[in-house]
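Asker: The primary structure of each chain is shown beneath.
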Amino acid sequence: MSELSPKSPAPAEDAESEPRPGRARKPIGWSTIIIAALVAVSAGLVWRRDGADGVLDILTHDLSLFGGILPRVLAGCLLGAFISEILPHEKVSRSLGPKSGLMGLLIGTAFGAILPGGPFTAYPVASALLAVGADFGATIAMVVSWTLIGYGRAVAWEIPIMGTDFTLWRILISLPLPVLAGALGRFVYVRIYPQPHAKDDEN
Amino acid sequence: MSAALLIDILLWGSVFGVGLIAFRRGPPVFKASLREGSMDFVNIVPRIALGVIGSGYIAAIIPQEVITGWLGPDSGWVGVATAVVAGAATPGGPVIGFSIGTVALKSGGGVPQVVAYVVAWALFAFQRVILWEIPFMPARFVWFRCAVSVPFPFVAAAIAMVIGKP
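Sequence lines, in order, name chains A and B. Sequential numbering of the first sequence, starting at 754, is according to our numbering. Sequential numbering of the second sequence, starting at 157, is according to our numbering.
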């Protein structure tokens with residue numbers, strides 16, 4: 754149908770209130786408020802326990818951490834934006850959409866496993882995939898694969914801290930999990946959110 | 157650290173690669189996605205700032221010893237279930253998560269329990285979910301993914317029990 758028209762909303766994105774497929778966001782949402790409350794309470798408890806020095810120590814440490822992460826967040830956002838722009842919607846919904854079957858889950862898994870970077874890459878890219886027509890199942894496979902068998906965290910953190918033997922063995926155990934998680938996601942999704950949403954756009 | 161440098165190179169290399177593809181589709185496509193990505197960045201920075209700068213406080217009030225205590229001698233499925241809860245509750249970044257796993261292994265924690273802990277931490281550590289995943293993704297997807305992920309630390313532990321130690 755009119756899948757190519759830039760104004761038509763992506764099939765899996767009806768939760769997003771924005772007409773533009775999933776990329777523009779409100780700066781403040783309820784989750785931000787919850788996090789802010791959590792941080793304020795925690796900072797208050799630290800202040801009561803360690804005084805103003807304790808609060809300042811953590812603040813300076815986390816500020817420098819934040820400064821280091823910032824360029825990577827920019828890289829992740831750009832990666833997500835470019836990917837959602839260059840991936841053809843109809844091809845993505847065919848190979849990663851609700852009807853993509855096991856192949857879609859395998860593609861999602863492979864994509865998550867080779868994706869470079871950390872959470873600052875994985876989530877913007879996953880969000881871009883959702884916006885251009887991947888279904889929850891394939892996107893879950895991708896996110897779970899990135900977190901469980903992606904090499905980024907394993908090389909940077911797990912191998913140095915837990916050792917090569919444990920890490921490789923743990924990754925071996927995790928190999929089937931992304932596909933299983935994606936399949937379970939798909940199985941549950943079609944039962945929780947029955948057809949009415951997708952119908953108009955799908956056929 | 158060289159691994160971090162390697163990852164940065166791969167990351168920016170990928171940005172450059174897809175940017176080049178976008179550019180070859182024509183400068184308007186390139187400009188549009190560049191603007192889109194920058195806007196995402198501007199929108200996301202306050203939330204990431206709140207999360208990253210605030211996470212130190214959250215980590216400071218949940219001491220590591222509490223989490224390590226949960227990964228104690230309990231073996232069997234009760235131990236696995238405790239490990240899953242501990243993984244979800246672990247604050248802080250990968251250093252803390254993996255260090256707790258290592259301490260548990262060295263102090264006699266069972267291998268399937270430690271696997272369950274590491275997998276649960278990777279799948280749905282609350283801090284990563286609220287600091288990273290929710291700012292970037294539709295909240296409905298995030299909760300759905302976490303709910304669907306709950307069985308898998310148990311599956312990993314079961315596989316570990318079957319195939320044995322590393």
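Don't read these hints as lab results, they were simulated from the structure. Backbone N, C-alpha and C define an ideal beta-carbon position, used for all residues, glycine too. Errors might be hidden in some of the hints.
Derived CB-CB ranges, DEER-like [stated by the list, open to error]:
no., chain 1, residue 1, chain 2, residue 2, range
1, B, Ala205, A, Arg944, 35 to 41 Å
2, B, Arg296, A, Leu823, 35 to 41 Å
3, B, Glu221, A, Asp806, 19 to 25 Å
4, B, Val185, A, Arg944, 34 to 40 Å
5, B, Ile217, A, Met856, 45 to 51 Å
6, A, Pro929, B, Phe282, 47 to 53 Å
7, B, Lys187, A, Arg944, 41 to 47 Å
8, A, Pro913, B, Pro307, 17 to 23 Å
Asker: Each of the hints needs a verdict: does it hold here or not?
Answerer: Going down the list of hints, with the structure as the test:
| no. | hint | in the structure |
| --- | --- | --- |
| 1 | Ala205(B) / Arg944(A): 35 to 41 Å | holds (39 Å) |
| 2 | Arg296(B) / Leu823(A): 35 to 41 Å | violated (28 Å) |
| 3 | Glu221(B) / Asp806(A): 19 to 25 Å | holds (22 Å) |
| 4 | Val185(B) / Arg944(A): 34 to 40 Å | holds (39 Å) |
| 5 | Ile217(B) / Met856(A): 45 to 51 Å | holds (46 Å) |
| 6 | Pro929(A) / Phe282(B): 47 to 53 Å | violated (25 Å) |
| 7 | Lys187(B) / Arg944(A): 41 to 47 Å | holds (43 Å) |
| 8 | Pro913(A) / Pro307(B): 17 to 23 Å | violated (30 Å) |
The structure does not agree with the numbered hints 2, 6 and 8 stated previously, though it agrees with the rest.
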